[in-house]
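Make the full structure from the sequences, and use the hints.
Protein chains: 2
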Amino acid sequence: MVRYLITFSYDGYGFNGFQRQDDKRTIQKELEDALTKINNNEKVEVVASGRTDKGVHALNQKAHFDLDIKITEEKLKMALNSNLPKDIYVKEVTKVNDDFHARYMVEAKEYVYLINIGEYNPLERNYIYQYNKKLDVVAMERALKYLEGEHNFKSFSPSDNTNEDNYVRTISQTTLTRDFKNPNLITITFLGSGFLRHMIRTMIGTLIQVGEGKKNPEDIIEIIKKEDRKAAGFTCPPEGLYLKNVFY
Amino acid sequence: MVRYLITFSYDGYGFNGFQRQDDKRTIQKELEDALTKINNNEKVEVVASGRTDKGVHALNQKAHFDLDIKITEEKLKMALNSNLPKDIYVKEVTKVNDDFHARYMVEAKEYVYLINIGEYNPLERNYIYQYNKKLDVVAMERALKYLEGEHNFKSFSPSDNTNEDNYVRTISQTTLTRDFKNPNLITITFLGSGFLRHMIRTMIGTLIQVGEGKKNPEDIIEIIKKEDRKAAGFTCPPEGLYLKNVFY
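First to last, the sequence lines map onto chains Y and V.
Okay, so the first sequence: first residue is 1 according to the numbering used here, each after it adds one.
Okay, so the second sequence: first residue is 1 according to the numbering used here, each after it adds one.
What the hints contain is simulated information worked out from the structure, not anything from laboratory work.
Note that this is a predicted model, so its numbers are computed, not measured.
Be aware that one or more of the hints could be misleading.
Since the list gives no way to pick out one identical chain from another, each pair is judged satisfied if it fits inside one copy or across any two copies.
Said to hold, decoys possible - When the alpha-carbon atoms are kept at most 30 Å apart in a straight line, the in silico DSS-like pairs for lysine-lysine are as follows:
1) Lys134 to Lys24
2) Lys230 to Lys91
3) Lys145 to Lys181
4) Lys244 to Lys134
5) Lys54 to Lys24
6) Lys133 to Lys95
7) Lys24 to Lys86
Put into structure tokens, the structure is as follows:
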């Protein structure tokens, strides 16, 4: 039995999220089906760094699994990519120690959210969130900085998300940049210990309200304190969100 | 009756090409259906600068049509976009003279073809042609220059394309560039009086054979002379091709 760590990317558009749900098309299902074929039809379980919601993309998602068969890392990468659909791609395969765990050992994750406030481009509709209003990005950047640090982020998670025993997370770094060539393309990044379900998309929705002048940057402090979903802004759609990196 | 010229973009992936084909989803059908609704259910015929094949994208396609109703250009743009599906977008609406014709009056068209020879990215699979081999882009650029000028391009059109009475076209300008940040992304552009069906995709397939060393740049001269489809290279897939501009 050898444990492997894989780095992979996917287009979230065509999937019902990451996690296996019987007959629905999910990323976990496609990976496990491909690996089971490679593993002489012995079932393989894939453990990812965490789930991504329906429609969310990944540039460098990570997962581990165990295989009985003897195969080199390079051959396994090739076998995986030839058995996977075109919207998932395995970039790297590495043998790891038996005690490596893709979820428990995560030190940090980096997410990126893309917003276009310029002219709508139908070719990017599944990859960038289109927002047809002017935004004060200077105010948004100031608000963003109030999200940094260790906080209870309950206000940014759905009110029905009651299966968390701890809403405290640490956001160690954030950036907001406008594209050099196309200033209407806004890129917001978050580096943190971990993120609650919908947390990034709700932080983005709240930042957009700041950008529109509906909230002040300093309101973020109060929103965090309230620990109440109703205090934060709307939840942005998944198409602008990318899991960019997972660090161990 | 007022004649309008529209500039529009579309994601070719979800369409069976441009031209109306009864029940199939085509760009012409979606435009005409939207316009018919706006025109109090009186049928409207859309005349584009030309067709694009199944899967080919457009950044600035142009078309004309006539409407009986009174409506401003800005309101018509809004009405069109709210009646069109998300993979077509009207960028501009302009009133034109009654004798303007979107197809007959075309002076030049610009097309772009994108090739990625780096790592496969599942998020770009419908927007860039993935080619998993090294290519000699210097040789490709030399070959490209032999395509410029007025030539009979029969070698680059399908052998069953017998409904053309004239295979002579003029390519006035071409460029081949590698992306500054990502040199594995190759962009090839063609500016010309008009292009035969599959012509650009077959020119690209021929250029790729030059890039692989299977043909010499100078072979292009002979390929053009032969006026025979068998002399040219393969026809590249549509996902890398964009109609970028139409000039009148």
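Violated constraints from the hint list, given by number and in increasing order: Hints 1 and 2 contradicted; others consistent.
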